[in-house]
Amino acid sequence: MGTLTPSGGLSPNGGSSQHLQLQQQQQQQQAEKMDNILKVKSLLSPLRESLFLTLRTGAFALQEHNLADNLKRDSVSHAGRFEKHLEDFYAYCDQIELHLKTAIQCMQQLSSAQHYLPSAVTPARIEPYMQENPGGPMTYSTYLNIVRVHVQSAKDIHDTLISAAQNISQAD
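With full-length UniProt numbering, the residue at position 166 of the sequence shown is 166, and numbering never jumps.
The set of hints was computed from the structure by calculation and includes no laboratory data. Every residue, glycine too, gets a C-beta built ideally from N, C-alpha and C. Just to be clear, a hint being listed does not mean it is correct.
[Unchecked claim] Here are the computed distance ranges between Cβ atoms for each label pair:
(1) Ile168 with Tyr140: 37 to 45 Å
(2) Cys93 with Gln63: 21 to 29 Å
(3) Arg48 with Val149: 47 to 55 Å
[Stated by the list, open to error] Computed list of lysine-lysine pairs in DSS-like fashion (alpha-carbon distance at most 27 Å, straight line):
(4) Lys101 with Lys41
(5) Lys101 with Lys84
(6) Lys39 with Lys84
(7) Lys41 with Lys84
(8) Lys101 with Lys39
All chains, full assembly: derive it from the sequences and hints.
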């Protein structure tokens, strides 16, 4: 008997539904990356508006100060509005910077994941006949074993560096 696919159709075996799940996960990861870029694009319009308000308020304050200097009279200070608009502008700049840095980190993480673990990881159990295919996706348990080996290697390197540092400090 087949399994129900996300599109509502019937799949003859569980393997293709696993393939669909893997594709959906990849699409979600791409959507998250695009989400940061879309946020940056959506912040561009408020950034332009904020820049316009900041420049307009600054120009108005400069004109007021110029008139006050020429006529030797006290001017009404609008520095508070200028500072508020300037803070808003910098807040938009900071948000855009944060989203761009996050997008860059996502791309670097994806690149590292593809470099160090080029085969796909399936979240579900794979039938024994699929394990014979070395080019196919690796099981989650195999993935966990690889991660454990990497973590243990990192711990061994850390311990070696600590002991070497202690030996050097004792020799001095």
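Going down the list of hints, with the structure as the test:
no.: 1; hint: Ile168 with Tyr140: 37 to 45 Å; result: 42 Å, holds
no.: 2; hint: Cys93 with Gln63: 21 to 29 Å; result: 26 Å, holds
no.: 3; hint: Arg48 with Val149: 47 to 55 Å; result: 51 Å, holds
no.: 4; hint: Lys101 with Lys41; result: 14 Å, holds
no.: 5; hint: Lys101 with Lys84; result: 26 Å, holds
no.: 6; hint: Lys39 with Lys84; result: 23 Å, holds
no.: 7; hint: Lys41 with Lys84; result: 23 Å, holds
no.: 8; hint: Lys101 with Lys39; result: 12 Å, holds
The earlier numbered hints are all upheld by this structure, with none contradicted.
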